[in-house]
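Visitor: Just need the whole structure built from these sequences, with the hints factored in.
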Amino acid sequence: MNDLSPRLARTTLAERLDVMPAVVMSGARQTGKSTLAKALDVGRRYYSLDDLDVLATARRDPETLLGGDRVTLDEVQRAPEILHTVKMDIDRHREAGRFLLTGSANLLLMNRVSESLAGRASYVTLWPMTRREQLGLGQAGIWGDLLQHDESEWAEIASESPAPPEDWRGLARRGGFPEPAVHLSDDSERAIWFDGYVRTYLERDLLNLSAVASLPDFRRLMRAACLRLGQLVNQTELGRDVALPQATAHRYLNLLETSYLLVRVPAYSVNRGKRLVKSPRLYWSDTGLALHIAGNPSPTGAHLENVVLADLLAWRDTCIPAPEILYWRTVAGDEVDFVIDDGGQLLPIEVKASRNPRLRDTAGIRSFRKEYSDVARAGLVLHEGDAIEWLAPDVLALPWWRVV
1 MNDLSPRLAR
11 TTLAERLDVM
21 PAVVMSGARQ
31 TGKSTLAKAL
41 DVGRRYYSLD
51 DLDVLATARR
61 DPETLLGGDR
71 VTLDEVQRAP
81 EILHTVKMDI
91 DRHREAGRFL
101 LTGSANLLLM
111 NRVSESLAGR
121 ASYVTLWPMT
131 RREQLGLGQA
141 GIWGDLLQHD
151 ESEWAEIASE
161 SPAPPEDWRG
171 LARRGGFPEP
181 AVHLSDDSER
191 AIWFDGYVRT
201 YLERDLLNLS
211 AVASLPDFRR
221 LMRAACLRLG
231 QLVNQTELGR
241 DVALPQATAH
251 RYLNLLETSY
261 LLVRVPAYSV
271 NRGKRLVKSP
281 RLYWSDTGLA
291 LHIAGNPSPT
301 GAHLENVVLA
311 DLLAWRDTCI
321 PAPEILYWRT
331 VAGDEVDFVI
341 DDGGQLLPIE
351 VKASRNPRLR
361 DTAGIRSFRK
371 EYSDVARAGL
381 VLHEGDAIEW
391 LAPDVLALPW
401 WRVV
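Residue numbers (the numbering used here): 1 to 404.
Calculated from the structure, these hints are not laboratory results.
Note that beta-carbon positions come from the ideal geometry of N, C-alpha and C, so glycine has one too.
Be careful, since some hints might not be right.
Stated by the list, open to error - Keeping only pairs whose Cα atoms sit at most 25 Å apart, straight-line, the calculated PhoX-like set for lysine-lysine is: (1) Lys-352 x Lys-278; (2) Lys-87 x Lys-38; (3) Lys-278 x Lys-370; (4) Lys-370 x Lys-274.
Claimed, not checked - Beta-carbon label-pair distances, calculated as ranges: (5) Ile-157 x Ala-332: 31 to 39 Å; (6) Leu-359 x Asp-145: 25 to 33 Å; (7) Arg-60 x Arg-204: 19 to 27 Å; (8) Glu-95 x Ala-322: 23 to 31 Å; (9) Gly-144 x Arg-70: 29 to 37 Å; (10) Pro-393 x Asp-186: 42 to 50 Å; (11) Gly-43 x His-250: 39 to 47 Å; (12) Ile-388 x His-250: 40 to 48 Å; (13) Trp-390 x Gly-333: 23 to 31 Å; (14) Ile-192 x His-250: 29 to 37 Å.
Guide: Here is the structure:
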């Protein structure tokens, strides 16, 4: 494993650069955007706006910087005014792959991009590394294979998975940022890295870009969010717990989500009779960072759910059209952790931090399948054991590590 570990998004980027004049790669800080951009095509001119001389040129004379062959602009959010010049250049001579723009996601950047590059750009999100990327396989989990094959083949597909078993708690603690996930092997070293990440990137970037009035308040909100993994988002309750007005809690959550740090999973809300919960559920894009911010060294079942979700998100964002990742819950309490909505089919997934799943663990999936029998596939119960077995005629139990 090294800085050039195969990334799932590399093929996606290359395919879209073959079609669109501009491709925008966004994501949280330190997910490997710069490394991937440099490795993607040695024939591209590469400029990082973190270089103060390059930044000055971008602001003073963007035409000179952008003229000529294909260009990669890294950290483009530092000079969003250059996007107008990018737009003008594309309109003069539309050429596939002309610009690769990367930047840490923030509201300012995304608004400027969407205004300037509508119809001219494709968008790719680089999430933290999946487990299989960390293993050097350059993959996400086997979600696509499961959706494309009959349920009768699922057990065989899972049993042939090339990823080895491991304790999911170790994966949760290291997360998916390349440095702590791949290069640091000791939890104490990772703690130093995560602390620097919070101080340098979260606080500085969000303070500068978004007028966060109080860093202590923002830190408390981050910690409260990290302690609520898998729970319904209740902004009023969250604000009350950290002594913040609901409007402030709302703004801070939006900042974290826009930065690809916090993830809100929406509800599957097609109502066919049962009353459904429609509030989103809260997760974090990186479990290692979430555990560090929460001050919690011991992952819980919610962190295993989050591990599965992180893999689902990385897989989803390489698909065209992109499936939706949802959850399902009724007012009466029936629940499915995740639902993949792939247009014409639904795949319900339950995640259990148990080595021995039981029939009772299938209750939510069976209720979901009864409600949506015309579109729901057989369900999956992902667990931490080794068994591959049908718990019910329509629910297959699989070890999480054979899927993720």
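Visitor: Hints first: check each against the structure and report whether it holds.
Guide: Hint check:
no.	hint	in the structure
1	Lys-352 x Lys-278	holds, 23 Å
2	Lys-87 x Lys-38	holds, 23 Å
3	Lys-278 x Lys-370	holds, 19 Å
4	Lys-370 x Lys-274	holds, 11 Å
5	Ile-157 x Ala-332: 31 to 39 Å	holds, 34 Å
6	Leu-359 x Asp-145: 25 to 33 Å	holds, 26 Å
7	Arg-60 x Arg-204: 19 to 27 Å	holds, 25 Å
8	Glu-95 x Ala-322: 23 to 31 Å	holds, 26 Å
9	Gly-144 x Arg-70: 29 to 37 Å	holds, 30 Å
10	Pro-393 x Asp-186: 42 to 50 Å	holds, 46 Å
11	Gly-43 x His-250: 39 to 47 Å	holds, 45 Å
12	Ile-388 x His-250: 40 to 48 Å	holds, 44 Å
13	Trp-390 x Gly-333: 23 to 31 Å	holds, 25 Å
14	Ile-192 x His-250: 29 to 37 Å	holds, 32 Å
No hint from the list above goes unmet by this structure.
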